[in-house]
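For the record, in the sequence shown the residue sitting at position 37 is 37 according to the UniProt record's numbering, with numbers rising by one throughout.
Treat the hints loosely; a few may be bogus.
[Unchecked claim] Calculated lysine to any residue pairs in the SDA-like style (CA-CA distance at most 20 Å, straight line):
{"no.": "1", "residue 1": "43", "residue 2": "80"}
{"no.": "2", "residue 1": "56", "residue 2": "210"}
{"no.": "3", "residue 1": "56", "residue 2": "121"}
{"no.": "4", "residue 1": "56", "residue 2": "84"}
{"no.": "5", "residue 1": "231", "residue 2": "7"}
{"no.": "6", "residue 1": "231", "residue 2": "60"}
{"no.": "7", "residue 1": "43", "residue 2": "82"}
{"no.": "8", "residue 1": "231", "residue 2": "65"}
{"no.": "9", "residue 1": "231", "residue 2": "72"}
{"no.": "10", "residue 1": "231", "residue 2": "131"}
{"no.": "11", "residue 1": "56", "residue 2": "77"}
{"no.": "12", "residue 1": "56", "residue 2": "45"}
{"no.": "13", "residue 1": "43", "residue 2": "92"}
{"no.": "14", "residue 1": "43", "residue 2": "87"}
{"no.": "15", "residue 1": "43", "residue 2": "7"}
{"no.": "16", "residue 1": "56", "residue 2": "73"}
{"no.": "17", "residue 1": "231", "residue 2": "87"}
{"no.": "18", "residue 1": "43", "residue 2": "54"}
{"no.": "19", "residue 1": "56", "residue 2": "234"}
{"no.": "20", "residue 1": "43", "residue 2": "86"}
{"no.": "21", "residue 1": "231", "residue 2": "58"}
{"no.": "22", "residue 1": "231", "residue 2": "80"}
{"no.": "23", "residue 1": "43", "residue 2": "188"}
{"no.": "24", "residue 1": "231", "residue 2": "66"}
{"no.": "25", "residue 1": "231", "residue 2": "59"}
{"no.": "26", "residue 1": "231", "residue 2": "132"}
{"no.": "27", "residue 1": "43", "residue 2": "156"}
{"no.": "28", "residue 1": "56", "residue 2": "82"}
{"no.": "29", "residue 1": "56", "residue 2": "66"}
[As the list claims (entries may be wrong)] Label pairs and their computed distance ranges (CB to CB):
{"no.": "30", "residue 1": "87", "residue 2": "236", "range": "12 to 22 Å"}
{"no.": "31", "residue 1": "25", "residue 2": "62", "range": "41 to 51 Å"}
{"no.": "32", "residue 1": "173", "residue 2": "16", "range": "43 to 53 Å"}
No wet-lab data here; the hints were simulated from the structure. Remember, predicted model here, so these are calculated numbers, not experimental data. All residues carry an ideal CB built from backbone N, CA and C; glycine is no exception.
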Amino acid sequence: MNRFDFSGVPIEGLATSPQIQAASDWFTRYGYVILDNVESPEKIRSLRAEFFENYKDQIRDHEAADSLEVGARRFMIPLRFSGGLGAPTVFANPYALALVRSVLDEAAIVDAFGAILSLNGAEDQHIHHDGPILFNSEISRLLPAYALTFALPLVDMNDLSGTTAIWPGSHRRGNYEGQEPLHPEVPVGSCMLWDYRTYHSGTANRSDHVRPMVYATYARRWYQDPVNFRKETLPRLVFEPGFIRGLPDDLRPLFAHVRSTG
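Could you build the full structure based on these sequences and the hints that come with them?
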């Protein structure tokens, strides 16, 4: 089973729950997992409206200083840690975070936070993994996960608007040749996570609207994505002074790598 339903699952005791353990085991073996019903569809619709209001100027078909083109008509932009989109219920969704800390460790950090925009008419993305193989060595395939991507769609991911094609087990094999990918449907309120080494590809957006997907990169304390933020004008994390100090004690470690906690 590649997806786990968290409707009605209490937040208390999540770290040791059988659901998180099963999802963690699946993720470790196959390099991805889908968590269903981690947020209400109504809340996601509210976040979508907020996104289109606050980030409308960044929906454009060209790379700017504050964006990165990651495919034809497909762009990565930073999101601010403010409003509903920057709330802990998003970047530290309790169900996703319990899985992150199980797969990585309790000291896992948020290395980057933003959105991927697939404009209408976006074609299939190139097949890739999110970061280079650790140490540029095949031994990396044998190691536990050191970084992963959390994807929270603001529009249903399906055959019309597009989804993320995934090659299960490719984080261990080191290739995707000879294997058909999965094209999972991920409705609003659900999320998808994949290992940084897992091959995947955004599929074509055949709808008449933009498909925004909130993402966060979680990593072990010592890891930093060396590829996607080489542009000095593209920040990994954007927050106001006092943001980290205002977080609950259990979430502050997510930003332990940030030099200033102003």
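Hints, one by one, checked against the model:
| no. | hint | verdict |
| --- | --- | --- |
| 1 | 43 to 80 | holds (18 Å) |
| 2 | 56 to 210 | holds (11 Å) |
| 3 | 56 to 121 | holds (18 Å) |
| 4 | 56 to 84 | holds (16 Å) |
| 5 | 231 to 7 | violated (40 Å) |
| 6 | 231 to 60 | holds (18 Å) |
| 7 | 43 to 82 | holds (16 Å) |
| 8 | 231 to 65 | holds (8 Å) |
| 9 | 231 to 72 | holds (19 Å) |
| 10 | 231 to 131 | holds (16 Å) |
| 11 | 56 to 77 | holds (12 Å) |
| 12 | 56 to 45 | holds (16 Å) |
| 13 | 43 to 92 | holds (15 Å) |
| 14 | 43 to 87 | holds (12 Å) |
| 15 | 43 to 7 | holds (15 Å) |
| 16 | 56 to 73 | holds (15 Å) |
| 17 | 231 to 87 | violated (26 Å) |
| 18 | 43 to 54 | holds (16 Å) |
| 19 | 56 to 234 | holds (18 Å) |
| 20 | 43 to 86 | holds (13 Å) |
| 21 | 231 to 58 | holds (17 Å) |
| 22 | 231 to 80 | holds (18 Å) |
| 23 | 43 to 188 | holds (9 Å) |
| 24 | 231 to 66 | holds (9 Å) |
| 25 | 231 to 59 | holds (19 Å) |
| 26 | 231 to 132 | holds (17 Å) |
| 27 | 43 to 156 | holds (14 Å) |
| 28 | 56 to 82 | holds (16 Å) |
| 29 | 56 to 66 | holds (13 Å) |
| 30 | 87 to 236: 12 to 22 Å | holds (18 Å) |
| 31 | 25 to 62: 41 to 51 Å | holds (43 Å) |
| 32 | 173 to 16: 43 to 53 Å | violated (31 Å) |
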